[in-house]
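**Q** Start from the sequences, fold in the hints, and give me the full structure.
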Amino acid sequence: MNIIIDSNIFISALIKDSTTRKLITNYKYNFLLPEYGLEEILSNKDEILKKSKLSEKDFYILLLRILKYIQIIPSDLIIKFWKQADEIIGDIDKGDSAFVATALAFDCPIWSDDKHFQAQDEIIIYTTRDMI
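Going by this note's numbering, the first residue of the sequence shown is number 10, and it counts up by one from there.
Rather than coming from a laboratory, the hints here were simulated on the basis of the structure.
Some hints here could point you the wrong way.
The calculated lysine-lysine pairs, modelled on DSSO-like cross-linking and capped at a C-alpha distance of 30 Å, are [claimed, not checked]:
1) LYS25 x LYS89
2) LYS37 x LYS54
3) LYS77 x LYS37
4) LYS31 x LYS54
5) LYS66 x LYS77
6) LYS92 x LYS124
7) LYS60 x LYS37
8) LYS31 x LYS60
9) LYS77 x LYS59
10) LYS77 x LYS31
11) LYS54 x LYS124
12) LYS60 x LYS124
13) LYS54 x LYS66
14) LYS92 x LYS66
15) LYS124 x LYS89
16) LYS25 x LYS54
17) LYS77 x LYS124
18) LYS77 x LYS89
19) LYS59 x LYS124
20) LYS25 x LYS77
21) LYS59 x LYS25
22) LYS66 x LYS25
23) LYS25 x LYS60
24) LYS62 x LYS25
25) LYS66 x LYS37
26) LYS62 x LYS77
Simulated restraints on C-beta separations [said to hold, decoys possible]:
27) MET140 x GLU44: 19 to 27 Å
28) LYS77 x LYS25: 15 to 23 Å
29) LEU86 x SER52: 18 to 26 Å
30) GLU48 x ASP26: 23 to 31 Å
Think of the CB as a built atom: it goes at the ideal place given N, C-alpha and C, for glycine as much as any other residue.
**A** Structure representation (structure tokens):
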């Protein structure tokens, strides 16, 4: 089963060796991340380094280790779902349109602890608690 992983879930796995990281690296699902999500993670690198106390080298080692369990979805594969995604989540959080577009393209749920995803009813959302 495919599950879209929200960038905040991925960031959580980078910051702390937690249940979230274990779920990603030991789970039976096929995790997908839109290309935009990886860009978002990399743009927050300094904040992740500060919170995790990782060196830059260790950050990239861990990032690559976790990425072994996640398939990056190129933007061109989800572009035709972007308008529909904007209609679903754009008024709530336009930054999440890539995740919704990926969920629509692959007909699968999103794993996110962001409450605003619950404000829509088109895409199934799993929280970390649901994943456990």
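**Q** Straight-line Cα separation of LYS62 and LYS25 no greater than 30 Å?
**A** holds, 10 Å
**Q** Checking one constraint from the list: CA of LYS124 to CA of LYS89, max 30 Å. Satisfied?
**A** holds, 26 Å
**Q** Is the gap between the beta carbons of LEU86 and SER52 within 18 to 26 Å?
**A** holds, 21 Å
**Q** For the pair supplied as a hint, LYS31 and LYS54, confirm whether the alpha-carbon distance does not exceed 30 Å.
**A** holds, 21 Å
**Q** Is the Cα-Cα distance between LYS66 and LYS37 30 Å or less?
**A** holds, 29 Å
**Q** Would the hint linking LYS77 and LYS89 be met if the CA-CA limit is 30 Å?
**A** holds, 27 Å
**Q** With a cut-off of 30 Å on the C-alpha distance, tell me whether LYS92 and LYS66 pass.
**A** violated, 38 Å
**Q** Tell me if the straight-line CA distance from LYS92 to LYS124 falls inside 30 Å.
**A** holds, 22 Å
**Q** Hint check: LYS66 vs LYS25, CA-CA at most 30 Å. Holds or violated?
**A** Since the Cα atoms of LYS66 and LYS25 sit roughly 16 Å apart, the hinted pair holds (cutoff 30 Å).
**Q** Measure nothing beyond the straight line between the CA atoms of LYS77 and LYS37; if it is 30 Å or shorter, mark the hint as holding.
**A** holds, 13 Å
**Q** Is it true that the CA of LYS54 sits at most 30 Å from the CA of LYS124?
**A** With Cα atoms ~23 Å apart, LYS54 and LYS124 stay inside 30 Å; holds.
**Q** Hey, LYS25 versus LYS60, does the alpha-carbon distance stay inside 30 Å?
**A** holds, 9 Å
In the structure shown, a violation is registered for the earlier hints numbered 1 and 14, in ascending order.
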